[in-house]
Amino acid sequence: MPPNHRFTHKRSIKSGLPPGSLVHIGKSPDKAIQISVMVYNSDAVDEHQYHQAAQYRQLSRSNGVTWINIEGVHDVEAIRHIGECHTFHPLVLEDIVNTVQRPKIEDYGDYLFIVLRMLRPTDQGDFSSEQLSLILGPDYLFTFQEGIKGDVFDGVRGRIRSGKGKICGMGSDYLAYALIDAVVDSYFSVLENFGERIVDVEEQLALTPNHSSLQLIIGMKKEVIFLRKSVWPLREAISFLERGDSELLHDSTRLYFRDVYDHTVQVIDTVETYRDLLSGMLDLYLSSISNRTNEVMKFLTVIGTIFMPLTFLVGVYGMNFKHLPELEWYNGYFALWGLMIAISLLMVLYFKKRRWL
Amino acid sequence: MPPNHRFTHKRSIKSGLPPGSLVHIGKSPDKAIQISVMVYNSDAVDEHQYHQAAQYRQLSRSNGVTWINIEGVHDVEAIRHIGECHTFHPLVLEDIVNTVQRPKIEDYGDYLFIVLRMLRPTDQGDFSSEQLSLILGPDYLFTFQEGIKGDVFDGVRGRIRSGKGKICGMGSDYLAYALIDAVVDSYFSVLENFGERIVDVEEQLALTPNHSSLQLIIGMKKEVIFLRKSVWPLREAISFLERGDSELLHDSTRLYFRDVYDHTVQVIDTVETYRDLLSGMLDLYLSSISNRTNEVMKFLTVIGTIFMPLTFLVGVYGMNFKHLPELEWYNGYFALWGLMIAISLLMVLYFKKRRWL
Amino acid sequence: MPPNHRFTHKRSIKSGLPPGSLVHIGKSPDKAIQISVMVYNSDAVDEHQYHQAAQYRQLSRSNGVTWINIEGVHDVEAIRHIGECHTFHPLVLEDIVNTVQRPKIEDYGDYLFIVLRMLRPTDQGDFSSEQLSLILGPDYLFTFQEGIKGDVFDGVRGRIRSGKGKICGMGSDYLAYALIDAVVDSYFSVLENFGERIVDVEEQLALTPNHSSLQLIIGMKKEVIFLRKSVWPLREAISFLERGDSELLHDSTRLYFRDVYDHTVQVIDTVETYRDLLSGMLDLYLSSISNRTNEVMKFLTVIGTIFMPLTFLVGVYGMNFKHLPELEWYNGYFALWGLMIAISLLMVLYFKKRRWL
Amino acid sequence: MPPNHRFTHKRSIKSGLPPGSLVHIGKSPDKAIQISVMVYNSDAVDEHQYHQAAQYRQLSRSNGVTWINIEGVHDVEAIRHIGECHTFHPLVLEDIVNTVQRPKIEDYGDYLFIVLRMLRPTDQGDFSSEQLSLILGPDYLFTFQEGIKGDVFDGVRGRIRSGKGKICGMGSDYLAYALIDAVVDSYFSVLENFGERIVDVEEQLALTPNHSSLQLIIGMKKEVIFLRKSVWPLREAISFLERGDSELLHDSTRLYFRDVYDHTVQVIDTVETYRDLLSGMLDLYLSSISNRTNEVMKFLTVIGTIFMPLTFLVGVYGMNFKHLPELEWYNGYFALWGLMIAISLLMVLYFKKRRWL
Amino acid sequence: MPPNHRFTHKRSIKSGLPPGSLVHIGKSPDKAIQISVMVYNSDAVDEHQYHQAAQYRQLSRSNGVTWINIEGVHDVEAIRHIGECHTFHPLVLEDIVNTVQRPKIEDYGDYLFIVLRMLRPTDQGDFSSEQLSLILGPDYLFTFQEGIKGDVFDGVRGRIRSGKGKICGMGSDYLAYALIDAVVDSYFSVLENFGERIVDVEEQLALTPNHSSLQLIIGMKKEVIFLRKSVWPLREAISFLERGDSELLHDSTRLYFRDVYDHTVQVIDTVETYRDLLSGMLDLYLSSISNRTNEVMKFLTVIGTIFMPLTFLVGVYGMNFKHLPELEWYNGYFALWGLMIAISLLMVLYFKKRRWL
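Residue numbers (our numbering), protein chains in the order written: chain S, 183 to 539; chain R, 183 to 539; chain Y, 183 to 539; chain Z, 183 to 539; chain L, 183 to 539.
These aren't lab readings, by the way, just hints derived from the structure by calculation.
Repeated chains share a single entry, so a pair holds when one copy, or any two copies, can fit it.
Calculated pairs, EDC-like style, for lysine to aspartate or glutamate (alpha carbon to alpha carbon, straight line, at most 16 Å):
#1 534 <-> 477
#2 196 <-> 444
#3 331 <-> 253
#4 196 <-> 374
Quick caveat: nothing in here was measured; it's all calculated off a predicted structure.
Can you make the complete structure from the sequences, with help from the hints?
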């Protein structure tokens, strides 16, 4: 039952460790850590790739926005190295490598620490989930990904590289917006995927409800529970970006975060709608199953009941009494058939009249 | 299962696009975009029609209120053109053409952006839904409709054209009120329609509950889920119009928005009442069905049980034992009939006494 | 299904009309409008009756409190006439004649507009509902009733006429309190009536649960839904009278409104208790029914099962095999009876032991 | 169904009476009103008993705390007399004699009026409820009890009489605290009693679930509904005592009220836990019952089904065809027995394999 | 049913006692009270053990943090002695020995009083719960444990003894943080343990659902009810530590409490998820059971129904009518077999077609 593991990460191995202990919790990708740095302003874009964390030094202040994207938080030493270069708070680093955080935002004064979850539909019909951590400073943005399946940021990278678009002239907070927007946008794919599966199961329910439909519905309910866990706290976090009083967020960007907030609420709305639909489908399933079984049993019991009196009658004339007058009648046998047919017809009529047949 | 599509719009095609990208999401009407401009004050009314967006220029400031009504937001280029004439924020335009917004209000300083949904009952008994976007400025009001089924504003147009009525002497905020009021008023038609269907299904339930009643109830529950999604956020939005601190809204108009707010709360109340009624009907349906089936089976089992001992008895006297004294009795056969009738009567009496029959 | 009409008033006929349009929605009494005016202070009481609205003029300011009670809001012209005499806001008049308002309070500066519902138990066991609208000014109070069944204000009238009592020395706000208190007090009759019906149905459930009990429970659940709609908003409205900052309410009267608030909360508490009780009764009903049916079927199946093996045995000795030794035994028949009685007893014992009988 | 009467007091007899009308609602004890006065400070304690209210005069201001305890609020005239001696507000007196108040606190400036409910377990396993009203002034405390079953204040009286303890040196607010604490403490007895009954029913459910278990569960659910009505509003009231801004409450006493608040929350927690446990038990009961019935029917149907084919077979060889070869075989009878035993065994095996037996 | 006792502690024995009465409520460990004192700063660590409370004296103010850990709150006299040495408020001591407190925090000005629950998984699969009380002063921290199963603080002790680590340089508030963090961390073990049991039961449900699965699910639901009682109030308490305005908490420590708060919310999230999963499992169980039973009964009824008409037919030809032509036919017997086989096949086909088999 693999999807369940999402709820039972071995979080307890951290018990007893001092705060700020970096312990990786979660799945590890097969590849090594990758650090890509993008420095851009409205005039130019500059890109670097580091394949070893040790090569990484603190960035010289540049005239523009620096985006440092790290894929692979399982490399705890590399994360510690990067964290120390920038004197990030140990609790921030601890949360980055512990990939079972719930979405949240924390204000550390000099920088904002944001955690959210990237969801992607899988081939099996459900979805995978990775943690994305952002550290937003005045002119830089760090993004930490688990690095298992790639990210949803190619559109943003393209816009930066093209050198056109609004993004190049704006600050790091707008970059954070663009990335968070991309993540929230990708939720819609997951939801549409989910919506299609709901329609499929609904059709299956209408045609041939069986035990596998039930398991599909229960499985989808479990996924909705997980989805809710991912999106509800997100709303609160993005609401802070829209309304909070951090100086790192410019007023012009807040309008955009309002837009993301709006999308998040739409996502939550849809998740709640799915939850209601699934409850309705569960009711429908249970009622269909019991309806069908009852129908079978009703029909069969009717059949059985018609034959009860008939069997009794033929039993009567199978008795061996010395004196049993009807047996002597020449047309007794045919008269009995007539009687039995009459009884059957009357019972069928009665059943029809009372709508039991 | 068409009504489901309402929950699964292909919202994801926008993933990865920069903010402010105008992508039409929703159904397209068959006709081209239509722009009607109405300029009025307490003295005169002036009307124009544009059939091509390119003809449209920014309006010269006039001494009165200008109402620009655009039908057909699928013409993305036209919307962009209009938006640029008035330097509306790109996010506003994006939301106008993406017709799966939830009701909301956004304050952009110079203007308010309001989104709501026009509902109309259809011939199939359910209702269709179109997005209506309003941009309310100091002396103008833009209304953007999907343009699929026409609008509910003929009453307002009539009042303006008649030149009498309060509306001609008031500002653009009063016009916005009049239109929003017309939209909320039209919800009552949908609700009454819905209420009549509930009464119909209730009657059907009382007479002949069957599987189709269940599907009607489940279908109506789905519609209620959609209705709630449309009206709950509306309450919050209209509450802003009543209490918010925008300078675009005059105190004299706020009284009227309080009235609309009141109507919205009435709509929500009714929707919630319908939800409760539908839950009650589901209980009633399930209980009726199981009641009826149980009644059938009880009756039939009683019948069967009466014949069990009788069939056993006639079997006894159908045995071929050499020495079976009763068979020799001259009135054995009639005595047996007497016994069997007595047994039957006793069982019927017993069943009656224990109220099983 | 008449009680349902309460949820489906033809509210939609107002769609498209300008705000302040006076359209009567609701039932009309058989009689004409009646206007009674009571002017009183601690020294004297003066009463007038108008049977035609046109006779009515604005009241001269008197040294005391003026209570104008209007019965019959279906006479739209009369209401308009009265409203114009006092320059009440058109929205107020609109709400007075549209008798499907939810309880509310609106502050218009010079006067407060209060809407609530008068409930009264009917002979059929349920209750009727009328809208009562109050306009509370500095030294006057208007009350508008539907006028279908009379009101609950005779006690208040008596106290004023008697010239004693606290009421004569107090202002119009105290009069409003006295009337609202009378209305809320009358809710207790409805609730007690309802409580007695709950006890009746509970007893019926304990003795002979049947389908009609279910319909009673479902019907009462519907009434509770309506009751909740009437009392929940009332709480908010009366809370404004207790704590709001209108100058029309004196501090000495607020204590009394706190008392009414308290009663309203008691009413809500009781309604919620009834809701919970009805849910419990529904559970009890469903469980009783299924219990009884299962009991029947269990008993009958046991009977049937005892006769199955016996019928098989007598069938064995009804066979016509040439060589069937037992048939030749002289006491075979009696031995078989012994065997069959033994089998029956053993099965009954087994059933008893496993507590199936 | 006596416990139900708790929900249907004849509250309506007060309809139409002016506010402040003293009408006793509730049960009356058999004895006459009793007034006990205790005046104490850290030096001395003085006690009086009045058996007739008329003897009672307003107390001379003493150097200490005066506790006037009145048992028997059914004596409306006595309550009026006492109220007039101290010029308490008529609404306060009205609430004292109307013993169906919900717990509340009201600030009348000079004094606080507090209502709560004393609960006590009865011999029948459930609990009785009496109203306790307190009027807390700067140096006095009135307590009004229904006087049916005695109170829970003997501990407090003992502490005062002993002259030691903290209570003698503190003000009237501390006395109020001590009494309220005693009342809340007594809730724990009711809850423990209730908890033991839950354990009993749970054990009964595990052994022999029957219809009486259901009635016990439903009955206890009703009691929980009543308990919740008594304790939820209490929380709000005591929260006022802890945090409200009345000058009658000293800061040193507030710490103690925080403790009572804490206990109240514990009581609420426990009540909510019981509610959840009872819901779980209802599920368990329904599932046990249906499980047992299904088990019976499954077993019996299996038995019946084994005999169906056998009875058919013996019927075959009971036929009277002229030419029926098997009947002529010498060992036909025994061969048939073999066949029938084989069929039975195969069916039993099949049932066992599919886990139906 | 031992886990139930958790809900029914004999709390009532305290009724009537004055506030601050020290009465131990809860289980007692077998050993005597143990007092361990740790005094540390960034330079040195000093440890003492007292085995008799009387040896304990108030600590001389030292240059560092003093952690006094007391195991065994059943020794009421010892607790009183310690409390008096430090003039703690009697209510604090009362709550320490009454080990059925809900998690809470109370600000006494000079010190904070914090109560929480230590949970630990037991060998039986569920978990045990002990109360941990903390008194946090400016340079000291008292911790009171029940002392039944040991604590989870060895990690913290190790960090202090090692003399390195951040903890030695920080104040008593950081020590409180470290201990609370250790407690909350230990919840994750309980949750993981619980999660594994959920997976086990889920697998059992998928393979062979039976009555014991139901009892497991109901039992786990009860544990979740208890877990919720332990963690929900904790959130509020820790939120105070993060945001409250006590001077005992330094800003640098608040960041860490934010981290604990975060973990607490994660714990609550997981508990709520388990609750939802258990509800889903209950649905699945009930549906599986009814599915299986229905399947059995359907199959068996089908079998029975096929044999009904056949038994009737063989009964027909077992009749003894004088004139029964078919009996005379030479191949009548074989023709009948043909007919019966045909009927059986047709019925099987019909059942298959309607998907009843």
